[in-house]
Every structure is written in C-alpha cells, then in structure tokens.
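Visitor: Listed in order, the protein sequences are those of chains A and B.
All residue numbers for the first sequence refer to UniProt numbering, where the first residue is 1 and numbers rise by one.
All residue numbers for the second sequence refer to UniProt numbering, where the first residue is 1 and numbers rise by one.
Treat the hints with care, since some could be wrong.
Unchecked claim - For lysine-lysine, the following DSBU-like pairs were computed, each having C-alpha atoms within a straight-line distance of at most 30 Å:
#1 Lys15/B - Lys50/A
#2 Lys50/A - Lys22/A
#3 Lys15/B - Lys22/A
#4 Lys15/B - Lys88/A
#5 Lys22/A - Lys38/B
#6 Lys22/A - Lys108/B
Note that these hints are calculated values from the structure, not bench results.
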Amino acid sequence: MYEGIVQDLIDELGRLPGVGPKSAQRIAFHLLSADPVDVRRLAQVLVEVKERVRFCSVCGNVAEEETCRICRDPRRDPSVLCVVEESKDVVAIERTREFRGRYHVLGGAISPIEGIGPDELRIRELMTRLADGAVTEVILATDPNLEGEATATYLTRLLKPMGLRVTRLASGLPVGGDLEYADEVTLGRAFEGRRAVDD
Amino acid sequence: MGLYRDEAVVLRTQKLGEADRIVTLLSREHGRIRAVAKGVRRTTSRFGSRLEPFTHVDLQLAEGRSLDVITQAETLHPFGARVGADYERYTAGTVMLETAERLVVEDKEPALQQFLLLVGALRAMCEQDRPAGQVLDSFLLRSLAVAGWAPSFDGCARCGLEGPHRAFNPAQGGMLCATCRVPGSASPAFETVALLGALLAGDWDVVEASDVRHRREATGLVAAYLSWHLERGLKSIALVERV
Ligand SMILES: [Zn+2]
Ligand SMILES: [Zn+2]
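Hey, can you work out the whole structure from these sequences and the hints?
Guide: Here it is as structure tokens:
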C-alpha cells in the first residue's frame with residue numbers, strides 16, 4: 001500500500017480492463033517520473049474523449065458528431081450492411097479496404113453466462129434500420145468464436161425471413177480469436193469469400 | 001513448477017490483458033480449475049477453438065503461483081462448434097456450464113460425478129440430438145441430486161408415503177402427500193410429475209413422448225427447485241430459448 005493519492009492512482013488504473021495490480025503499479029510509477037507536460041496532455045485527452053466522443057445514432061460506431069464519418073459518406077454503398085461486435089472491428093475491416101458498404105455495431109455478442117442477451121445489444125436498432133428495404137445484403141462479421149458464432153446464428157434466424165441475403169465471413173479466420181487480431185490479408189480474403197448462410 | 005494432465009470441459013473464458021484468456025474448466029480429476037491460456041485471442045494461436053466454452057479437451061497444465069497455465073490442449077469432443085450453430089442449444093447449454101461452475105464450489109476438489117453429468121448432457125444434446133430444453137432440465141435435477149439435494153417425485157418428500165401425490169414444494173424437497181402438504185405448494189399434472197421422474201432418471205423414452213404442455217410445467221418446477229437451492233440466481237437462465 002502506498003500513501004493517499006499514489007494508491008488512488010494505482011487503484012484507478014487497476015480497474016481498467018487487462019490491467020492487473022502489478023501493471024497498475026508500473027504505469028503509476030511511470031506517470032510519476034514522466035514529464036509533467038506529457039501527463040497533462042494524457043489527462044486532457046482523457047477528459048476530452050469523454051466529452052466529445054459519442055456513439056453514432058445510426059450505426060453505433062464511435063463518432064465525434066451525431067453520426068459517424070462512414071454513415072455520412074455518400075460514396076458508401078447503402079445496400080450492404082456489415083454487422084460487427086465492436087467499433088474496433090470496424091477499424092480492422094476498414095484497414096482491408098475490401099468493404100465499401102456500411103456498418104452496424106452491436107456493442108458486444110450474446111453471452112448468457114454474463115447475462116447479455118439480445119436485448120442488451122443493438123439488435124432492435126438493426127431491425128429498425130432494415131425496415132425500409134434499402135439494405136439487401138447483411139454480412140455477419142461477428143468474432144470467429146463461440147459467442148460470435150451464436151450471435152450470428154441468432155441474427156440469421158431473425159434476418160432470413162425478411163428476404164435478405166445473409167452472408168458470413170468465409171472460414172479461414174481461425175476459430176477462437178478476436179476479429180481485431182486478424183491481419184488485413186486474411187480478413188480481406190474472408191470478406192471476398194463470404195458465403196450465404198443456409199440455416 | 002509441476003506439470004499435470006487432465007481432461008476437462010471449458011465452462012467459461014474471460015479476456016485477460018492483450019491476447020490471453022482466463023479459462024474456467026471442470027476437469028475429471030481436479031474438479032474446477034482456473035487457468036491462463038496465453039495468446040489464444042490472436043488468430044495465430046495454436047490452441048484455436050480448443051479452449052472455447054463447451055469444448056471437451058485433453059489438457060496439460062503447469063502449476064502456477066495463483067493460476068495454472070495451459071501448455072497443451074487437444075480436442076476430445078468439439079461440442080462448442082455444434083452448440084454455436086443452434087441458438088436453443090447455446091442458451092440451454094450455457095445454463096449447464098454456469099450450474100456446474102456454481103455447484104462445484106472449491107477449485108481443485110475432485111467432482112467426478114458432476115463432470116460426468118456435464119459430458120453426458122452435452123453428448124445427449126449434441127450427439128444424440130435430444131431436445132435441448134429437456135436435456136437441461138434433466139441435467140439440473142441430476143446435478144442438484146449429486147450436490148445432495150435429490151428431489152423426490154414419487155414418495156412423499158417428508159414422510160416417505162408412496163405416491164403418486166398431488167402437491168409439489170421445492171422447499172420441502174419435492175412431492176408431498178395430503179397430510180404433509182404445506183400452503184403455497186404447486187399442484188402439477190400427474191403427467192408432469194411422471195415427466196419430472198423420467199428427467200431425473202434419464203428415461204428418454206418417457207421424456208421424448210411427453211407433450212409440450214407438461215414439458216413447460218416441468219421446466220417451471222425445475223427452475224423453482226433450482227432457485228431454492230442456489231443462493232444467487234443464474235445469469236443465463238432467463239435467456240434460455242424454449243420451443
Ligand atoms: Zn455511423
Ligand atoms: Zn407425507
């Protein structure tokens with residue numbers, strides 16, 4: 001245990017995902033010995049990101065305005081919608097330059113053991129978005145792991161009766177991993193080789 | 001640092017740091033184990049799907065100071081793949097995993113019967129195509145029985161008088177005769193009581209011949225019995241998809 005504010009800092013850092021007590025301590029002492037200008041800049045960004053960044057009212061991606069850059073871009077194909085779990089998956093797919101449609105960010109995957117069901121995700125928003133018939137293909141790009149697979153299974157059952165073409169990224173993405181870790185080439189190939197889901 | 005081998009079913013995985021996971025397992029010889037799987041979230045991981053929930057794996061682990069580390073994993077039954085493609089199985093199966101995790105309280109305390117029940121239930125659901133909802137109900141009753149809370153669906157749970165009886169009360173341990181009956185007991189159909197007995201015994205001929213109405217009623221009573229015995233409710237049970 002350290003005195004007062006140093007311990008407070010370690011406790012706060014320790015609450016971040018993936019940061020254990022040891023890392024929290026290491027980061028805290030790094031900050032203590034860092035240039036005050038750098039630390040001030042970090043603090044400023046933390047405050048600003050919370051003030052300025054919100055979630056796109058259309059797709060759920062992180063945005064600095066009411067809607068995100070991709071939703072505002074008129075060159076993006078409005079007939080193809082790619083469904084992903086998180087904003088960082090949008091970044092990973094954008095890196096491949098393989099996809100010119102739009103996105104829908106669910107905010108996670110269906111995980112009953114964590115108490116996360118369909119109602120906790122942006123699935124109702126997805127259905128509302130599809131209601132006008134402008135989208136003709138939905139690509140399910142959830143993570144290639146059990147929860148991502150089960151979420152895709154659930155969505156397929158919901159979307160198929162609407163007469164949409166529902167596709168899933170081609171296998172070739174190793175099972176068990178996070179989409180964000182797939183390299184551009186593999187992910188690009190998975191997009192190109194996407195296949196219609198037959199239920 | 002000691003190495004050991006065991007076979008296990010993956011109950012739960014949690015992200016750890018950049019690319020690792022903490023994997024909670026129910027093993028044949030060491031009961032519940034929490035272990036670190038390094039690098040599994042990277043798409044280059046050699047473990048891949050082998051450490052996804054539901055998978056029955058053969059493992060080698062290295063004893064660590066707080067958590068053990070998984071050093072080898074080979075798939076015995078890829079239940080996860082079959083569960084992920086069927087939403088009803090996924091939601092019912094998840095309740096089984098959460099129940100097993102909850103009922104086996106201590107890490108590294110052998111829980112062979114609970115392990116065998118779980119593998120048996122996953123096989124019944126994924127390999128023998130038994131209805132997911134009824135496999136779940138059967139698993140819950142039998143797990144509670146293994147934990148020492150065997151319900152009585154035949155004789156009276158209090159005085160032992162031979163049935164069939166009319167009243168069901170989770171707090172009293174099952175069916176009650178007319179004399180032992182307490183206020184607040186349910187009065188299920190005879191067919192439902194017979195179905196509950198079959199679910200507990202694993203008599204699938206009777207279970208699969210039952211109709212939807214009695215299955216629903218049995219499910220409700222199993223849930224009541226379960227929640228009486230578990231201190232906190234299960235997160236996954238409200239999300240079970242029932243047909
Ligand atoms: Zn957007
Ligand atoms: Zn009695």
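Visitor: Compare the distance between the alpha carbons of Lys22/A and Lys38/B with 30 Å, and conclude whether the hinted pair is satisfied.
Guide: holds, 18 Å
Visitor: Quickly compare the C-alpha distance for Lys50/A and Lys22/A to 30 Å and report which way the hint goes.
Guide: Holds. Lys50/A to Lys22/A sits at ~26 Å (cutoff 30 Å).
Visitor: CA of Lys15/B to CA of Lys50/A, is that 30 Å or under?
Guide: The hint holds at about 24 Å.
Visitor: Need the status of pair Lys15/B, Lys88/A: alpha-carbon distance at most 30 Å?
Guide: The hint holds at about 16 Å.
Visitor: Verify the proposed pairing of Lys15/B with Lys22/A, using a straight-line Cα cut of 30 Å.
Guide: holds, 17 Å
Visitor: Run the distance test for Lys22/A versus Lys108/B: straight-line Cα separation, threshold 30 Å.
Guide: With a Cα-Cα distance of about 26 Å, the restraint between Lys22/A and Lys108/B holds, given a limit of 30 Å.
In the structure shown, no violation is registered for any of the earlier numbered hints.
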